[in-house]
Each structure stands twice: as structure tokens, then as C-alpha cells.
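Visitor: For reference, the chains in residue letters:
2 protein chains.
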Amino acid sequence: MPSVRLKYFDAKGRAEPVRFMFALDGVDYEDIRYSQEEFAKVKATMPFGQVPVLEVDDITVPHSKAIYTFVAAQHGFLPADNLGRAHVDVVIETISDTDFDSTKWFFEQEELMKHLKDVTFPKMKENLEKILSENNGGLFGDKLSLADVITFSMLHDGLAMFTGKEPGSCSLSDYPLLEGFVARFKALPKIATYLEKRPNTPY
Amino acid sequence: MPSVRLKYFDAKGRAEPVRFMFALDGVDYEDIRYSQEEFAKVKATMPFGQVPVLEVDDITVPHSKAIYTFVAAQHGFLPADNLGRAHVDVVIETISDTDFDSTKWFFEQEELMKHLKDVTFPKMKENLEKILSENNGGLFGDKLSLADVITFSMLHDGLAMFTGKEPGSCSLSDYPLLEGFVARFKALPKIATYLEKRPNTPY
Numbered sequence: 001m002p003s004v005r006l007k008y009f010d011a012k013g014r015a016e017p018v019r020f021m022f023a024l025d026g027v028d029y030e031d032i033r034y035s036q037e038e039f040a041k042v043k044a045t046m047p048f049g050q051v052p053v054l055e056v057d058d059i060t061v062p063h064s065k066a067i068y069t070f071v072a073a074q075h076g077f078l079p080a081d082n083l084g085r086a087h088v089d090v091v092i093e094t095i096s097d098t099d100f101d102s103t104k105w106f107f108e109q110e111e112l113m114k115h116l117k118d119v120t121f122p123k124m125k126e127n128l129e130k131i132l133s134e135n136n137g138g139l140f141g142d143k144l145s146l147a148d149v150i151t152f153s154m155l156h157d158g159l160a161m162f163t164g165k166e167p168g169s170c171s172l173s174d175y176p177l178l179e180g181f182v183a184r185f186k187a188l189p190k191i192a193t194y195l196e197k198r199p200n201t202p203y
Numbered sequence: 001m002p003s004v005r006l007k008y009f010d011a012k013g014r015a016e017p018v019r020f021m022f023a024l025d026g027v028d029y030e031d032i033r034y035s036q037e038e039f040a041k042v043k044a045t046m047p048f049g050q051v052p053v054l055e056v057d058d059i060t061v062p063h064s065k066a067i068y069t070f071v072a073a074q075h076g077f078l079p080a081d082n083l084g085r086a087h088v089d090v091v092i093e094t095i096s097d098t099d100f101d102s103t104k105w106f107f108e109q110e111e112l113m114k115h116l117k118d119v120t121f122p123k124m125k126e127n128l129e130k131i132l133s134e135n136n137g138g139l140f141g142d143k144l145s146l147a148d149v150i151t152f153s154m155l156h157d158g159l160a161m162f163t164g165k166e167p168g169s170c171s172l173s174d175y176p177l178l179e180g181f182v183a184r185f186k187a188l189p190k191i192a193t194y195l196e197k198r199p200n201t202p203y
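So the protein sequences, as listed, match chains A and B.
Quick note, the first sequence lines up with residues 1 to 203 if you use full-length UniProt numbering.
Quick note, the second sequence lines up with residues 1 to 203 if you use full-length UniProt numbering.
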């Protein structure tokens, strides 16, 4: 069995989609969580001075999206055909469209929370709802994919973080397909178990 | 032969890496370029109200990065193995690390040009130089990949745009491996031909 280490802060953030995939596939891994002080000491040992970093035996993968795709491919959450893969990428990029405003939020919090709430996230939810409506209520086919993992991570944890709420407490009642999607994903036994046991961090 | 249409503004921007791949593989395609006025009229017909959009026969792919991966996979610029793919993703994300500051630049140009020039781009160039130094002067193996296309696009056109210069005129003399990379890619006959013939747009 390969030795797997995930290095990140003591936070959900950009590592959580990887943890969801490991939970779904029953992967045994070392979940290394640095405090800000600890990270300052190890920063220079990271490939680009950043986390998350994934280590599988002697392979090191930096950069969250590179890690997502690699883990998804290794553990059966990435379609093998080019068109299926493009479909998953479209879902990921629909969520990444919020990165700019979300990142600004960290620096100019008050002013931007309103913009995220009124403009950025509604547009994202509307686009994801459109994707679900065009795919019989799924993001892509019948099989779980990276698209599901990333979407749940944003809707359950991301929306809550940016609006100062508890994970999973943001209403999706205006988006019935998304609401159903989140409920179904959350009820997957391996995800339910993981959510129950994961450390309670604000990000 | 499939019918291929690339829809974007009359600009290099997020469509140019796709055009580079089409040039390299000799793809015959319709290069649809909207003025701002024309785009306002067709915006509602785009999947998410945005361009670029790629249409291949009856397949529609929105979102630049989904298009990059799809085109790279279809035309032989994406490694088939998971680790090779992760390596290409790392290069792409090293460049995407500049997206936040680059996007802000469009809104707060003067203040940010200095930050991009002094902080954001040097960090990216340093990280790309590191990747090249660890791979015998290549970004990934001996075969051209999406990593090469995205990197050339940023170093040749992106850096120039954000610093108000002509494409290809930004000095890379502090980064000898990057300088050599750009010179080699630019000298590829199909790229040289494409660069000579492409419309002269500021972005």
C-alpha cells in the first residue's frame, strides 16, 4: 500500500475536496495539518512555498487543482474520455469563476461579503443549477466524479465560510436541483461518516 | 472532418492557447471574433454568457481551461498517464497563480502594474525556471504538451500585455532556461507562421 501524506493548514479550504475523495475511496493517509507558526518553519521545504502538497511514496504533487485531478484520476473520479473530462472541467471552472471575488474577500472582507452574497454566488448557483437541469439532476452521468466532490465542497463548506455560517447551513431552497444534490451527496455513508469525524475548523 | 468554431473577442487573451494548439496540429477552424458591440448581442446565446466557447460539430465546450484540456487531449498535447497529467497541471496552476493579481489589474491598473512587475510575475518566472531546471530544460518530457502552450502564451503575450509592451518584447535574461524555452517554441515552424499571420490585437 502506498504511503500517502496530505500537507495543508488546520483547515478545510483547498484540501477538503482531496479529503472527500480519500473518504469515498477508503484511502488511509496521513492528514498533516500545520498551524501558521508550524507552516512558517516548513514553508521553504514545499515545492513552491505553498500548500496543499500531496506526497504519494516518492511522488510530490503541489497545487490544489493538480492534486484534485491526480487524485480523481487515481481513485476513479475522473471520466476517461475527453468529452466526459471536459464536462467535469466545466463544473470545476463554473466554481473557479468565483475565485477572484472570494480571494478579494480575504483582504477586503466587509465590502465584498455583500458582493459575494448578491452577485458572485447567485451567478454560480444559477450556472450549476443549469448544468444539473441539462443532465437529469446529475452533474455528469450516474457515476460520482470530481465534479460532484468540488461542487459539494463549495456548496456545503465554501458558501458557509464566506457568509460566516456553519457548514451546510446555507439555504439552497431557490435552487431545488442543487438542494437535492447536496442532500444526496451528504447522505453517502462514507461522506456522512467523514463529516461526523472531521476536525471542526472555521475555514 | 469535424466542423470547428472558436468564439471569442477580437483578442488573444484566453483563446490564444487554443489557437496555438490548432496551429501546431494544422486544424482548420472558424476563428469567430466579436467586437464588444457584437458580443452584447450574442451573449445570451453563450452557455454561461461568457466566451471563449468551442464548438466541435454538435459539442459545445465553454470555459477556457475546460477548452484547453479538451483540445490538448484531442490533439495529442496531454499526457495519457496520471502523473504526466499532474505535471502539466502543475505548470498550468503555476501560471494561474497570477490570475488574481492579473484580473485586478484590469480594474485598478496603475497601482497593480507595479505589483505585477515587482512581485507576481517574478515569482511565477522563478517557479517556472525551477520546473525547467528540474526537467533538463523542458517543462515536461520531450513531447510538446499543453504545459508548453500555456507557458509560451503567458511569457510571450501575457507579460507584454500587462506591462504595456509588444508581444515577445519582455526580457527574460534573468531566467536563462525560460528564455531558451520561449526562443525554441517561437521558432517552431507552425508557430512562427501563425505568429506572422495572426491579427494584431492589443490583448
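Everything labelled a hint here was simulated from the structure, so no lab data went into it.
Source: prediction; values computed, not measured.
Do not rely on the hints blindly, as some may be mistaken.
As the list claims (entries may be wrong) - List of simulated lysine-lysine pairs, DSS-like, C-alpha gap at most 30 angstroms:
#1 A/Lys104 x B/Lys125
#2 A/Lys125 x B/Lys41
#3 A/Lys130 x A/Lys143
Said to hold, decoys possible - Covered by chain B, per the in silico footprint, the following chain A stretches (three or more residues, Cβ under 8 angstroms):
#4 6-12
#5 59-65
#6 142-153
Think of the CB as a built atom: it goes at the ideal place given N, C-alpha and C, for glycine as much as any other residue.
Visitor: Hint by hint, which ones does the structure fall short of?
Guide: 4, 6
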